[in-house]
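Enquirer: Heads up: the protein sequence lines correspond to chains A and B, in order. Sequential numbering from 1 applies to the first sequence in UniProt numbering. Sequential numbering from 1 applies to the second sequence in UniProt numbering.
Everything labelled a hint here was simulated from the structure, so no lab data went into it. Take these hints with a grain of salt, some might be off.
As the list makes no split between identical chains, a pair holds if one copy fits it or if it spans any two.
To be verified - Below 25 Å or equal to it, Euclidean Cα-Cα: the simulated PhoX-like pairs (lysine-lysine) are:
| # | residue 1 | residue 2 |
| --- | --- | --- |
| 1 | K102 | K88 |
| 2 | K67 | K38 |
| 3 | K35 | K5 |
| 4 | K64 | K35 |
| 5 | K102 | K64 |
| 6 | K88 | K38 |
| 7 | K88 | K35 |
| 8 | K102 | K67 |
| 9 | K38 | K64 |
| 10 | K64 | K5 |
| 11 | K35 | K67 |
| 12 | K38 | K5 |
There are 2 protein chains.
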Amino acid sequence: MQNQKPYYAVIFTSTQTEDIVGYSEMANQMETLAKTQKGYLGIESARNSVGITVSYWESLEAIKQWKQNSEHLFAQQRGREQWYNWYKVRICRVEREYEFEK
Amino acid sequence: MQNQKPYYAVIFTSTQTEDIVGYSEMANQMETLAKTQKGYLGIESARNSVGITVSYWESLEAIKQWKQNSEHLFAQQRGREQWYNWYKVRICRVEREYEFEK
Numbered sequence: 001m002q003n004q005k006p007y008y009a010v011i012f013t014s015t016q017t018e019d020i021v022g023y024s025e026m027a028n029q030m031e032t033l034a035k036t037q038k039g040y041l042g043i044e045s046a047r048n049s050v051g052i053t054v055s056y057w058e059s060l061e062a063i064k065q066w067k068q069n070s071e072h073l074f075a076q077q078r079g080r081e082q083w084y085n086w087y088k089v090r091i092c093r094v095e096r097e098y099e100f101e102k
Numbered sequence: 001m002q003n004q005k006p007y008y009a010v011i012f013t014s015t016q017t018e019d020i021v022g023y024s025e026m027a028n029q030m031e032t033l034a035k036t037q038k039g040y041l042g043i044e045s046a047r048n049s050v051g052i053t054v055s056y057w058e059s060l061e062a063i064k065q066w067k068q069n070s071e072h073l074f075a076q077q078r079g080r081e082q083w084y085n086w087y088k089v090r091i092c093r094v095e096r097e098y099e100f101e102k
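Excised from the complex, chain A in its bound form (with noise of 0.2 Å):
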């Protein structure tokens, strides 16, 4: 994930409902078709009781196309319906950053 231009990331916060049937294939289904997507860059991904996922995009065009994209479509249909009580989405330029390695 190298970049000198800017770049966008796509946070998505989400609490669940109790019925996940279905959630973790569609969740790995859908992280793989991502990273087909035009101007994709990475995704990170984490759940406690809040979960949180982070996709990160070469620009707002490539975002909207990923949430156009039909199967996509679908399975944010079936979220709405089944598996999220509630979730943001929040688009965002990302201005700066810096990494620490040990």
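Based on the hints, put chain B in the right spot on chain A.
Expert: For chain B alone, coordinates are given in the frame of chain A:
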């Protein structure tokens, strides 16, 4: 966390060492301290193989002040010495957001 004005997110992604003695106490302490800072808007956190903490701020200036807070500086140093193998910090401008609630 209502807002009309643009605001900022700090995405802190990390992997830990095996020596996490004192980590969760410090994490709680820093979360409590962050909440008292000027310009603080909210925080969300989850950890599995990777930890993701996203904090939200009114301005870049508020983020800078929080980064330079003396207790926080001490925690950052101890983090690099003891708890973290790797971390990455991304300062982001939230461009757009939407929410779903069941």
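Enquirer: Work down the list of hints and note, for each, if the structure agrees.
Expert: Checked hints:
1. With identical chains, the CA atoms of K102 and K88 are at most 25 Å apart between copies only, with a shortest distance of 12 Å across copies and 33 Å within one.
2. In this homomeric assembly, K67 and K38 come within 25 Å of each other (Cα to Cα) only inside a single copy, at 12 Å, whereas the closest approach across copies is 35 Å.
3. In this homomeric assembly, K35 and K5 come within 25 Å of each other (Cα to Cα) only inside a single copy, at 20 Å, whereas the closest approach across copies is 32 Å.
4. In this assembly of identical chains, the alpha carbons of K64 and K35 lie at most 25 Å apart only when taken from the same copy (15 Å versus 33 Å across copies).
5. In this homomeric assembly, K102 and K64 come within 25 Å of each other (Cα to Cα) only across copies, at 24 Å, whereas the closest approach inside a single copy is 36 Å.
6. In this assembly of identical chains, K88 and K38 lie within 25 Å of each other by CA distance both inside one copy and across copies; the values are 24 Å within and 24 Å between.
7. For the homomeric pair K88 and K35, the shortest alpha-carbon distances inside one copy (22 Å) and between copies (21 Å) are both at most 25 Å.
8. When the C-alpha separation of K102 and K67 is checked against a cutoff of 25 Å, the pair qualifies only between copies, where the shortest distance is 20 Å, while the shortest distance within a copy is 36 Å.
9. In the homo-oligomer, the alpha carbons of K38 and K64 lie at most 25 Å apart inside one protomer (11 Å), although the nearest pairing across protomers, at 34 Å, exceeds that limit.
10. When the C-alpha separation of K64 and K5 is checked against a cutoff of 25 Å, the pair qualifies both within a copy, at 19 Å, and between copies, at 22 Å.
11. Taking the shortest Cα distances, K35 and K67 sit within 25 Å of each other inside one copy (13 Å), while across copies they are farther apart (33 Å).
12. Taking the shortest alpha-carbon separations for K38 and K5, only the intra-copy value of 16 Å comes in at or below 25 Å, while the best inter-copy value is 31 Å.
This entry satisfies every hint, going by the numbered hints stated previously.
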